[in-house]
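There are 4 protein chains.
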Amino acid sequence: MTVMTTEQIEHFLDDVFPQRMGSIESIGEMTATLRLAIGHQHLRPGPRVSGPTMMGFADVALYVAILAQIGPEPMAVTSDFNCHFLRAASGDHDIIAHAKLIKLGRRMAVGEVQLFSASDATRPVVHVTSSYALPEKP
Amino acid sequence: MTVMTTEQIEHFLDDVFPQRMGSIESIGEMTATLRLAIGHQHLRPGPRVSGPTMMGFADVALYVAILAQIGPEPMAVTSDFNCHFLRAASGDHDIIAHAKLIKLGRRMAVGEVQLFSASDATRPVVHVTSSYALPEKP
Amino acid sequence: MTVMTTEQIEHFLDDVFPQRMGSIESIGEMTATLRLAIGHQHLRPGPRVSGPTMMGFADVALYVAILAQIGPEPMAVTSDFNCHFLRAASGDHDIIAHAKLIKLGRRMAVGEVQLFSASDATRPVVHVTSSYALPEKP
Amino acid sequence: MTVMTTEQIEHFLDDVFPQRMGSIESIGEMTATLRLAIGHQHLRPGPRVSGPTMMGFADVALYVAILAQIGPEPMAVTSDFNCHFLRAASGDHDIIAHAKLIKLGRRMAVGEVQLFSASDATRPVVHVTSSYALPEKP
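Chains as they are written, first to last, in full-length UniProt numbering: chain A, 1 to 138; chain B, 1 to 138; chain C, 1 to 138; chain D, 1 to 138.
Derived from the structure by calculation, the hints contain no laboratory data. Remember, it's a predicted structure, so these values are computed and weren't measured experimentally. Check before you lean on any hint, since a few could be wrong.
Just so you know, same-sequence chains aren't split out, so a pair can sit in one copy or run between any two.
As the list claims (entries may be wrong) - SDA-like mimics (lysine to any residue), calculated; alpha carbons at most 20 Å apart, straight line:
#	residue 1	residue 2
1	103	120
2	100	123
3	103	90
4	103	78
5	100	10
6	103	15
7	100	44
8	103	133
With the hints as extra help, turn the sequences into a complete structure.
Printed below as a string of structure tokens:
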């Protein structure tokens, strides 16, 4: 069961993480979908979407999926981040992130993200697995 | 044996990757050291250095170490990127990257990077292992 | 489209990799499901299934998924292997592996595996992402 | 400062993990070196040392490095395990593991391991980065 709406999460992130990338399309049970409009600052020569852009955006997507489950917590900290780059992503299209939590424990959350170019919904361009240390409850 | 000087690498990167982070402090046999001056765009609330900043900077550092060994090749592509976040890095200090190639093969390079805050040279804040697909020689 | 049947893959593996763990339950388009009957050699104190057992079994499952797509190739070599341990797996139940290829390229395959205890089909005990260098075609 | 001797660690492991691979050559401040004598059960066709053997041995080496620092704790649990396979390791030689802790925190330890064939001390065959959840102190 999610405990925050899309609007509540965006509002919370405007406070604690205003410079984040992307916007939320939808949230669900242990999932979140985000969209990133590509600007000049996200590109490498090609032009294609840069690696750091994709890693940063995937990190935001998992953070959103965690927030939707545990509520407004500024303290979730990325612990490890494993990324496979599968294909080049053209700079001409938005990037879509599908994040899914694999485990939501007391101390740790683990999730995966698939990033797609908006021009091809079948073949992911990046796959991420990442874990997050959760704040300890008092 | 390195085949490019620090100046040659910076000049090459100005052409193919002008928006990269950081500057080269030194290169050596299979190694590179870079420094990143922290600006507002690199920060998360705290303020501390953001995860995507550290991942992007580590990626640049390994690319520099590869260039120093194989010469000007715009085509090395990050294949996978594994990152452990060890400690928060204050936004008040530069970040130093020590990159080291573990393997430099014909088709693949693998390297690791340790990132330090300039305020503490003994305890890394981030550890990265990453591999790169190298261009095939004709 | 798969190019080998379950029986052909098991027969091929009997030749090139007789000491492998587990048996194939089914193969599909870019997927494979395997089952491992747990014996004394797979256990740690608890008793629970040991980490190396789970990593070795996940590796077999992805290799089977690759074989089903590319045909009998003894030369696929694990390039990197990223594993998250999510929950302890009791030694009293079989382990089930669901492997799925995320990318099948000319030089590289990338896949993920979820391992479940046969006693709980909803919560994975291990999540793996791995890549494989494929033999170059003449 | 280490709090257990090599003999104390081997004795402790004989109790809690008798089926482990390898033996301790030395321990140091945040480090451990182990040796694995290769037997038939560790081989793949070639013959070369199998991937699961190398992953299991690296896991033991990091566990030993942790024990040397925190004392006899059967409860350290592997949380994630990232492995790059760099070169084939001939089955004709022992495997040497050099483990080093990168971070030893209150809740989490992170370390890396380089595995070498005893026939070549300069080029690692496997590189591992892994993290461990530590038992909570009462």
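Outcome of the hint check:
| no. | hint | verdict |
| --- | --- | --- |
| 1 | 103 x 120 | between (28 Å within a copy, 14 Å between copies) |
| 2 | 100 x 123 | both (17 Å within a copy, 13 Å between copies) |
| 3 | 103 x 90 | between (32 Å within a copy, 18 Å between copies) |
| 4 | 103 x 78 | both (14 Å within a copy, 15 Å between copies) |
| 5 | 100 x 10 | within (18 Å within a copy, 33 Å between copies) |
| 6 | 103 x 15 | neither (27 Å within a copy, 32 Å between copies) |
| 7 | 100 x 44 | neither (28 Å within a copy, 24 Å between copies) |
| 8 | 103 x 133 | both (12 Å within a copy, 15 Å between copies) |
Hint compliance for this structure: hints 6, 7 are not met, and every other hint is.
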